[in-house]
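Engineer: The listed protein sequences correspond, in order, to chains A and B. So the first sequence is numbered by this note's numbering: it starts at 815 and just counts up by one. So the second sequence is numbered by this note's numbering: it starts at 815 and just counts up by one.
FYI, nobody ran anything at the bench for these hints, they're computed from the structure. Errors might be hidden in some of the hints.
Which copy is meant is left open, because identical chains are indistinguishable; a pair holds if it fits in one copy or across any two.
[Claimed, not checked] Here are the simulated DSBU-like pairs of lysine-lysine, each with C-alpha atoms no more than 35 Å apart in a straight line:
#1 K1088 to K1116
#2 K1116 to K916
#3 K919 to K953
#4 K994 to K851
#5 K1107 to K916
#6 K965 to K823
#7 K1088 to K991
#8 K823 to K961
#9 K1088 to K823
Number of protein chains: 2
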Amino acid sequence: MHEFNLIHKYFTWDNPPADIAIAVGDDAAVLDIPADKQLVTSIDTLISGVHFPENTLPSSIAHKALAVNLSDLAAMGATPKWFTLALTLPEIDEAWLNSFSKGLKTLAHEHHCFLIGGDTTRGPLNISIQVMGLVDTGKALLRSGAKLGDKIYVTGTLGDGAAGLKNLNGELEGEFKLSKTDAKYCQQRLDNPTPRIIESRLIKSFATSCIDVSDGLLQDLSHILEASQVGATLNLSHLPFSSALRNLDNNLATNLALKGGDDYELLFTIPAIKETQFLSQLSNTMNGKVDNKVTCIGEITKEDTGIRDNAGNRLISSGYNHFHV
Amino acid sequence: MHEFNLIHKYFTWDNPPADIAIAVGDDAAVLDIPADKQLVTSIDTLISGVHFPENTLPSSIAHKALAVNLSDLAAMGATPKWFTLALTLPEIDEAWLNSFSKGLKTLAHEHHCFLIGGDTTRGPLNISIQVMGLVDTGKALLRSGAKLGDKIYVTGTLGDGAAGLKNLNGELEGEFKLSKTDAKYCQQRLDNPTPRIIESRLIKSFATSCIDVSDGLLQDLSHILEASQVGATLNLSHLPFSSALRNLDNNLATNLALKGGDDYELLFTIPAIKETQFLSQLSNTMNGKVDNKVTCIGEITKEDTGIRDNAGNRLISSGYNHFHV
């Protein structure tokens, strides 16, 4: 099968929404942006062996490549609309492409985010997705609005992805060994992170700042603190752990939560005065689903305190650094 | 120097234009789109050894990576506004980054196109740029509007980049050897293509269809013909050649023009009735600059004729196929 037709088959989607004036098939895509909205856009690259283990299923690679981008939109309070895919492949492998495109389509459809074009080239595996979303003008959720006394919240649970990666690398042995069930759960969290788009819709009405946890809680919290010129106290005993992490040594679990990457939960700040209303609305929206929970893990303090636990000990950031918006 | 700071130094630009509400430094960029405009966007990946020779200067790699994207906007009649960069690098090399960022900045500033973010990762060299531009709503220049009797035009000259590549690969020897001056010129055209943004501004008021010549004249013309459901006659003796290509064997030059890639000229169709006015306005706009010339190379015919020369011989397309918008 001719390469062009093959790619066309997997990455030209039917029934583009009406706001796509021109999709795949011309020199560029043409998109309608409503007058009262701003465009929100982010690009992330995934490399085999760096951002996902080499034997990851193609469908999970696709899921993750789109999920990490959707997570950036969630952190901005933006509604996903469109994305492009720059895919570099060592060879044309129909089974790989079939699985990859299925993973991509499933997550994209779930969030009504449409593939509007891309570029496929031959070379070492490299996946860049640029996602585009919309936000009411002036209403984007930034890192810079956290205020003294705000409560620090996080969605879901922390450290699962990092535990999954450590387990895969054979670093969880002996007393730290995960049960089969727990290992499977952490692996799933590593391979198929959930972008918190639904939670973001509610959070954006209450939060003063927001970021997604991709590089570790301390690292990402420090971005909020720097942008907002504030400090933070974390209540380490309140860090939300999955059942798998609760089965681990608590010190290890805490470290994974603080410094491990790949959580893709939302970390955000809520004024204390709005807390009750926020939690009550969240509970109505989520119908009590456990995996959509949020947890208060601390409070915003003065800038010169840095990040401390509630015994006053300074917690040092050591996440994984890379440049991205 | 810390990787994060290094990247920050090279890819965080000062003085963002006012239409960038949020640039680098949050989870995503936030952009203002005027109410009467549509967003036009395209992504292209460049791989070492595929899209540029391995020993290409980093500044030229950057130039080309942005130029091929700007060329897509030119082909749509869109005004460049912003771009993102997904850069995968085998190592942090300050000299390389310095040259690369200079090449990028020079071309970007020339076209008032601002870097709004990106992602840098470690791995085999891979450069994806997504460019975003604006067009008056409903006025994008498509591939699909060519009509029977329209004149087929092309900007600049054809085949230079392909000659430069062949020369570099040692495929132009003996009677086909380029002079030093001609070789240097073709190399320059291969490494530093000019996106036809200025020409596009005028062309869009007259043209019924447009595409940029990236995969070879026949290949790209066939995209217009397919989208417009028409055929074409080409006058091969009118193909525009640089002085370097006129010094080559004419058969070879013609082949390079028809089937070689990397021209990044605009190929477009003009209704015969508007031809005089178009040429007169172009001449006023360009002040007779030789490198901004356009040339009529043929005419649109009925669909069932395919692409033929003016003796009626069918010309077969065999460009380089890859999937992109």
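Engineer: Would you pick out the hints that fail for this structure and give their numbers low to high?
Structural biologist: 2, 4, 7 and 9
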